[in-house]
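In the order they appear, the protein sequences are chains U and W. For the record, in the first sequence the residue sitting at position 228 is 227 according to numbering that gives the first Met the number 0, with numbers rising by one throughout. For the record, in the second sequence the residue sitting at position 164 is 163 according to numbering that gives the first Met the number 0, with numbers rising by one throughout.
By construction, these hints were calculated from the structure, which means they are not laboratory data. Any given hint might turn out to be false.
To be verified - Computed cross-link-like contacts, SDA-like style, restricted to lysine to any residue with a CA-CA straight-line distance of at most 20 Å:
#1 K191(U) x S43(W)
#2 K191(U) x I69(W)
#3 K83(W) x K191(U)
#4 K83(W) x D96(U)
#5 K26(W) x G91(U)
#6 K196(W) x E169(W)
#7 K196(W) x G91(U)
#8 K70(W) x L101(U)
#9 K226(W) x G77(U)
#10 K249(W) x F187(W)
#11 K84(U) x I77(W)
#12 K83(W) x G77(U)
#13 K70(W) x P193(U)
#14 K254(W) x V69(U)
This structure is a prediction, so every number in the text was calculated from the model and none was measured.
Chain residues, written in single-letter form:
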Amino acid sequence: MNPADLLDLEGYGHLLIQGAALTLSVGVAAMVVALALGMAGALARLSQSWLLRKAGTAYTVIVRGIPELVLMLIVYYGGTVLLQKLLSLGGGDVRVDINAFLAGTLVLGFVYGAYATEIFRGAFQAIAKGQIDAAKAYGMSDSQMFRRVQLPQAWRLAIPGLGNLWLTLLKATSITSVIGLTELARQADIIKAPTHRPFTVFFAASLLYLAMTALSDLVRIRVERWASAGFRRG
Amino acid sequence: MIVRRSILAALLLAAMASTAVADEKRKLIVATEGAYPPYNFVASDGSLQGFDVDFANALCEKIDAECSIIKQDWDGMIPGLMAKKYDLIVASMGILPEREEKIDFTIPYYQSPTALIATKTAGLQVGADGFVDPESLAGKKVGVQRATAYETFAREKWPKAEVMVYDSAESADLDMTAGRLDARFDDFIVLQGGILKSDSADDYERIGGIWAEKDFGSKGEGIGVRKGEDELREAVNKAILDMRADGTYKAINDKYFDFDIYGE
Chain U
0 MNPADLLDLE GYGHLLIQGA ALTLSVGVAA MVVALALGMA GALARLSQSW
50 LLRKAGTAYT VIVRGIPELV LMLIVYYGGT VLLQKLLSLG GGDVRVDINA
100 FLAGTLVLGF VYGAYATEIF RGAFQAIAKG QIDAAKAYGM SDSQMFRRVQ
150 LPQAWRLAIP GLGNLWLTLL KATSITSVIG LTELARQADI IKAPTHRPFT
200 VFFAASLLYL AMTALSDLVR IRVERWASAG FRRG
Chain W
0 MIVRRSILAA LLLAAMASTA VADEKRKLIV ATEGAYPPYN FVASDGSLQG
50 FDVDFANALC EKIDAECSII KQDWDGMIPG LMAKKYDLIV ASMGILPERE
100 EKIDFTIPYY QSPTALIATK TAGLQVGADG FVDPESLAGK KVGVQRATAY
150 ETFAREKWPK AEVMVYDSAE SADLDMTAGR LDARFDDFIV LQGGILKSDS
200 ADDYERIGGI WAEKDFGSKG EGIGVRKGED ELREAVNKAI LDMRADGTYK
250 AINDKYFDFD IYGE
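Could you build the full structure based on these sequences and the hints that come with them?
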């Protein structure tokens with residue numbers, strides 16, 4: 000076997016790239032959702048309100064306890080059937096189509112938001128108590144203190160954890176194939192059939208995943224440097 | 000909270016906007032897997048092709064429907080049909096009792112073919128029924144996949160043969176090419192894509208006819224339809240028989256196979 004054959008995809012290469020592009024879009028969109036939910040969740044868990052604290056805890060405990068694949072199936076298929084039943088109450092046969100990209104993004108964002116909640120909570124709690132006291136002593140309002148003291152530092156402390164989360168999330172996008180998205184892993188599975196080259200196809204797919212994760216790490220290092228401006232570099 | 004409520008409202012509106020309204024010409028969505036050549040697979044330009052795809056297109060023409068064919072991952076195939084993501088599954092799906100609990104099937108539109116391949120020097124004979132003569136298999140080593148209908152069939156029908164079991168078709172093929180087997184008994188399409196494509200393909204020949212799934216007690220491959228959609232199911236049943244009668248089936252069949260896959 001010619002070593003070059005190892006990367007011969009028989010003209011199917013562009014489909015793998017398309018799959019990688021979809022993987023990246025679902026990943027980025029879900030990460031945005033996860034960050035927003037994570038921040039909201041962390042604030043809820045640390046809030047003065049008993050109700051919000053309980054709600055935040057329920058979110059992280061329940062969501063982190065259910066496999067994302069199960070949640071994906073519940074939302075996409077179960078949700079569709081439920082909506083159809085509800086909308087058909089008035090009579091007639093109603094067909095509802097939940098967009099698979101939207102469903103995949105929201106479910107992944109929802110699940111990883113629970114993990115992000117814990118990362119942000121840890122970050123907020125790691126801020127030295129003395130700084131909070133100092134901010135109050137300066138007469139800062141709660142929102143001023145949040146913007147000037149807590150948030151900038153929480154970001155910095157959360158970045159290593161969030162970087163980790165992103166890598167996990169990026170690879171977890173492969174489960175969106177079950178709701179019909181032809182992302183990288185599913186595309187590889189499809190291409191291995193006509194080419195009869197499972198090793199080549201999955202090898203190429205792993206290289207694409209690796210390229211995405213390696214690139215992500217470079218971005219994380221830059222972001223970390225930016226967020227740590229004024230702190231010791233470690 | 001207001002923001003959340005408006006998002007919910009927008010989602011509901013979006014859901015209602017995409018609600019299909021009954022139309023004059025029936026519009027159907029057909030799902031296939033896209034990873035099971037030669038039945039359904041994706042060409043390098045990204046288009047869906049294969050026996051299932053051609054069959055689905057011809058079928059839609061017969062029932063006068065406007066169809067779009069989409070690819071769906073195997074694991075979500077039945078849930079997707081039940082959730083009305085599509086109306087028909089044309090994906091080489093075997094009619095199995097556990098699937099029939101969830102969805103309905105049409106009559107089989109093909110039956111996976113099974114064949115016996117032997118080395119030309121093994122001296123196997125074809126009997127009066129058109130299939131291998133069990134006597135000629137005496138003492139011959141026949142490779143089959145473990146715990147399959149093929150193994151049961153071989154042990155029952157060919158008591159004098161030495162049945163060798165393997166975990167996969169590939170490992171059985173390897174032993175055949177290494178000269179440790181006289182014959183291979185398996186899905187004919189698998190054999191054609193495996194041992195009959197190998198470098199030593201010229202050393203082998205098919206012995207006798209092709210078995211259909213019903214010879215192994217299976218029903219064959221059907222088209223999946225949601226439960227309760229009897230009118231559609233009947234229309235498809237009729238179309239399958241019509242396609243058999245008017246030659247449409249044969250034309251598609253001959254594009255992919257050098258034998259009749261219907262399994263009559």
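To see whether the hints hold, each was checked on the structure:
For a cut-off of 20 Å, the pair hint linking K191(U) to S43(W) stands: about 11 Å separates their Cα positions. For the given pair, K191(U) sits about 19 Å from I69(W) by alpha-carbon distance, which is consistent with the 20 Å threshold. For the proposed pair K83(W) and K191(U), the alpha carbon gap of about 29 Å is over 20 Å, so the pair is violated. At roughly 8 Å between alpha-carbon atoms, K83(W) and D96(U) fall within 20 Å of each other, so this suggested pair holds.
Simply put, K26(W) and G91(U) have alpha-carbon atoms about 17 Å apart, close enough for the 20 Å limit, and the pair holds. Under the criterion of a C-alpha separation no larger than 20 Å, the hint pairing K196(W) with E169(W) is consistent with the structure, at around 12 Å. With a C-alpha separation of about 54 Å, the suggested pair K196(W) and G91(U) falls outside the 20 Å cut-off, and the hint is violated. Of the pairs offered as hints, the one joining K70(W) and L101(U) holds, with about 18 Å between alpha carbons and a cut-off of 20 Å not exceeded.
Proximity of K226(W) to G77(U) is assessed by CA-CA distance (about 17 Å); at most 20 Å being required, the pair is judged to hold. A distance of roughly 18 Å separates the Cα atoms of K249(W) and F187(W); the hinted pair therefore holds under the 20 Å criterion. About 18 Å separates the Cα atoms of K84(U) and I77(W), which keeps this hinted pair within 20 Å; it holds. Restraint check for K83(W) and G77(U): the C-alpha separation of about 11 Å stays at or below 20 Å, so the hint holds.
Straight-line distance between C-alpha atoms of K70(W) and P193(U) comes to about 15 Å, which keeps the hinted pair within the 20 Å bound. Annotation: proposed proximity of K254(W) to V69(U) is violated, straight-line Cα distance about 41 Å (limit 20 Å).
Checked against the numbered hints given earlier, this structure breaks hints 3, 7 and 14; the rest are met.
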